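Could you put together the complete structure from these sequences and hints?
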Amino acid sequence: MPVLRNEIGDVLRNARLTQGKTLRDISSGARVSLGYLSEVERGQKEASSELLASISEALDVPMSTILREVSDRFESAEEFGRVHVMPSIPDTVPELLGEVRAR
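The numbering of the sequence shown is full-length UniProt numbering, which starts it at 1 and goes up by one.
These are computed hints drawn from the structure, not numbers from a lab. Honestly, I wouldn't trust all of these hints.
[Said to hold, decoys possible] If you anchor each label on the Cβ, the simulated ranges turn out as follows:
1) S33 - A77: 27 to 33 Å
2) S49 - S76: 19 to 25 Å
3) D60 - G35: 21 to 27 Å
4) F80 - D60: 28 to 34 Å
5) L34 - M1: 18 to 24 Å
6) E50 - S76: 24 to 30 Å
Please read these numbers as outputs of a predicted model, since none were measured by experiment. We put the beta carbon where it would ideally sit given N, CA and C, even for glycine.
Laid out in structure tokens, this is it:
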């Protein structure tokens with residue numbers, strides 16, 4: 001399951017890079033330190049709703065669009081989690097350990 005702060009950071013970074021803007025451009029517009037914005041984008045800090053609103057305004061992207069993209073990512077992860085990629089493999093280690101001890 002994805003981590004919310006990571007997904008929010010990825011969506012914000014993608015929006016910024018798509019626009020060809022720098023961290024400095026957005027941090028200035030959002031009135032947040034460049035370092036803090038960088039940590040939010042890397043998923044190291046949780047963005048408050050107020051900070052997220054400031055960043056989305058600086059990006060000129062509605063917050064609903066950002067949250068929708070994050071929601072879509074979670075939905076994809078949930079759907080992927082329901083699909084079994086490989087069959088369950090039984091744990092055979094206890095059997096091997098028993099064989100080694102018997103020798």
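Hints, one by one, checked against the model:
no., hint, result
1, S33 - A77: 27 to 33 Å, "31 Å, holds"
2, S49 - S76: 19 to 25 Å, "24 Å, holds"
3, D60 - G35: 21 to 27 Å, "23 Å, holds"
4, F80 - D60: 28 to 34 Å, "31 Å, holds"
5, L34 - M1: 18 to 24 Å, "30 Å, violated"
6, E50 - S76: 24 to 30 Å, "28 Å, holds"
This entry does not satisfy hint 5, going by the numbered hints stated previously; all others are met.
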